[in-house]
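**Q** Make a model of the complete structure from these sequences and hints.
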Amino acid sequence: MPVGYWCPVLHAHLPYVRHPEYPQFLEEDWFFEALNETYVPLVRVLDGLLADGVDYRLTMTLSPPLVSMMTDDLLVGRYERHLDGLIDLAGREVERTTREDQRLVDIARFYLAEFADIRRIFREKYGSNLLAAFRKHRDAGKLEIITCGATHGFLPLMDPVPQAVRAQVHVAAQHYRKHFGADAAGIWLPECGYLPGHETYLREVGLRFSFLESHGLTDAHPRPSAGAHAPIVSPGGIVFFGRDMESSRQVWSAESGYPGDHDYREFYKDVGWELPLETLGDFLPDGLRKNLGIKYYRVTGKVGLGDKQPYVRAWAMEKAASHAGNFLENRQRQIEHLAGTMDRPPIVVSPYDAELFGHWWFEGPDFLNYLFRKMHFDQDVVKPTTPSEFLERFPDLEVAQPPMCTWGAKGYAEVWLNPGNDWIYPHLDMAAVRMVELAQRFHHPNDRERRALNQAARELLLAQSSDWAFIMKTNTTVEYAKKRTRDHIARFDYLYRMLSAGGFLEEPILREFEERDNIFPDVDYRVYR
Amino acid sequence: MVGVGLSDEEQILAAKYLPRELPPRLFEEERFLFPESYHVNRVRLLVKDPDWIFAYWDVDPKSLEELGKSVGERALALSRLSLRVSDPQHGGSTDILLPAGARWWYVRTDSAARSYRAEFGVILPSGEFRRLAESNVVTTPRVGPSSASARRHVAYRKGASVGAAGAGTEEGGEEPRPDGGAALGPWAAPPFDAAISPTGPGAETRERPVRGGASDTFRPGGASDVHRR
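Chains as they are written, first to last, in my numbering: chain L, 1 to 529; chain Y, 1001 to 1229.
Keep in mind the hints are simulated off the structure, nothing from the lab.
The calculated lysine-lysine pairs, modelled on DSSO-like cross-linking and capped at a C-alpha distance of 27 Å, are:
#1 Lys482/L <-> Lys290/L
#2 Lys383/L <-> Lys142/L
#3 Lys136/L <-> Lys1158/Y
#4 Lys178/L <-> Lys1158/Y
#5 Lys319/L <-> Lys302/L
#6 Lys482/L <-> Lys410/L
#7 Lys383/L <-> Lys319/L
#8 Lys125/L <-> Lys142/L
#9 Lys142/L <-> Lys1158/Y
#10 Lys125/L <-> Lys136/L
#11 Lys383/L <-> Lys1158/Y
#12 Lys319/L <-> Lys374/L
Predicted model, so just to flag it, every value in this text is computed and none were measured.
**A** Spelled out as structure tokens, the structure:
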């Protein structure tokens, strides 16, 4: 029996970005990049572990918007064309670097092989449906898939309209059941945002556990004896696992974390910004530059982008293996220390954004690969586990009430509620109030009214994505976040006015909304009653 | 018609970007403007962190008209829209005189975990408060470890509800309380006139330091998604 357990959790989420009204749309690249650099490489790692008999364990959120995008024909088709284009570009880059810069030829060849392998895995191995891969690993007993809020709505700030919180949870649970053929046992509360009392909604759909930032457990009342290293159950009846800060910092920290190592790939130096536009015309039809995922340089050190040195794949792999060994050693020491202070085996829960592995930290999936293998073959102190497996093995739980908490900066709601984005909440609140009003008023809608009611629910859910408030705070693609908030509220407003004032619901407009915002085709507006 | 003046090759290339399969857009979201007011009387509270709650409100102009008829137009003109924030459990309240045109405000909270409710209304020249709307109740989070140790245990069983378990404390510990803090007295906070505040709503958040404790520890999380970096 191991001394303790490690519970890695990857939270995979992207906002629902799908724009059929345009032939190409820049923000759809978020999904394409994440597939190329995170989701498919992760599947490749998991497949390798399974094939080699490595007894790994991993917990993953696959958020409903992400699952919806992974199964959307339009986006999958666009992704495949994007990937075909990248393979073509990578081939041309092999020729160009052979002619112009011999230092980069090896890495150009690496990208050509990498993109081809991504395509093989995505298209040939899994039939362009990556959910099949995740289900395979779930069925093998290695991967626990959990759900999230329907559109990653930040639940603590929806609390004034309880039906809005309930809808986020219920729609997500139904969506999970549809795509994974079973009820989810766990949920990643969007942004790890917990407000006491929300357990009610989780229990209604059979959810059993979730995760909190570490102060959700260490500041709980009464004080849990094991801090964040043993799950607790709240008086509301949901089990909460606490985030371990030490293991998080090792990976997340920009200063001391692994991803900043000098041998790893430099994120900010991309051919999309460096090659002549005529070379990249297919990708940049409007002439606006963007990342393409071909990056030839390594972090190098604290030097300007112009002084970065070429990326050497073999060095990066050596470093990933070395960091995996370091991470394991630290977990061993941490768990041995914790075990001396506890009356049961400790659990170290390490949640990360899935996109950290691969997209931001290019070698992240390789790090996980080495780590799981070392954990399996080289030692017995720490073993990986999942929440459900751990709870079955160690069912004894202390009862304590966590405080409101999130995993955002400073630990509460400031990231999603500040002078840069607070203006959205009166409008989101009113839309939720009106949605409840519609749901309670329409008991026997005709077909068109029913479609409009369901579409109103979709528009509200999409407007509630925490991503928009987050982007406004972080000052990245702010105009897009504002546009999305406005567009969904505008569509909702139209539907509300037509439904509530006996207005004429124009079929072409309703159909346009349905085609554009097609998430949750099975949503039932009555969830807002 | 595209491609006027273009070569054959350029016309073919340009055609790639024609949205031929797409019908023209029927609904123009760009024309939508967020309303200044929803013309209802309402006030809401949201918890931002242990030190601040966020209040937003709407007012129905008809209510003010009726109030004007009741108290007189001159009295109404000299009145101030206000938030009366109170602790519904332990008592105590404070009035915040709102600046004209404001639709939301950050309210400084007590240092202890406490519940709050707001009444939105008008303070007449006589000092009388006329309520227009009442908010939801919110509770700020406790910060720091509880002085009471958990002692009650329950067993997790697969497929069975864990149930609504009651929290317990060790012998001699403090009584369990929803907020987990020590016994509180009434909330005492001075009235605040936003009109003489140097800056507008939200300014206090930027100016006043956040209290220490758990909220100042390393919090790397929250970075999520590709666009977040």
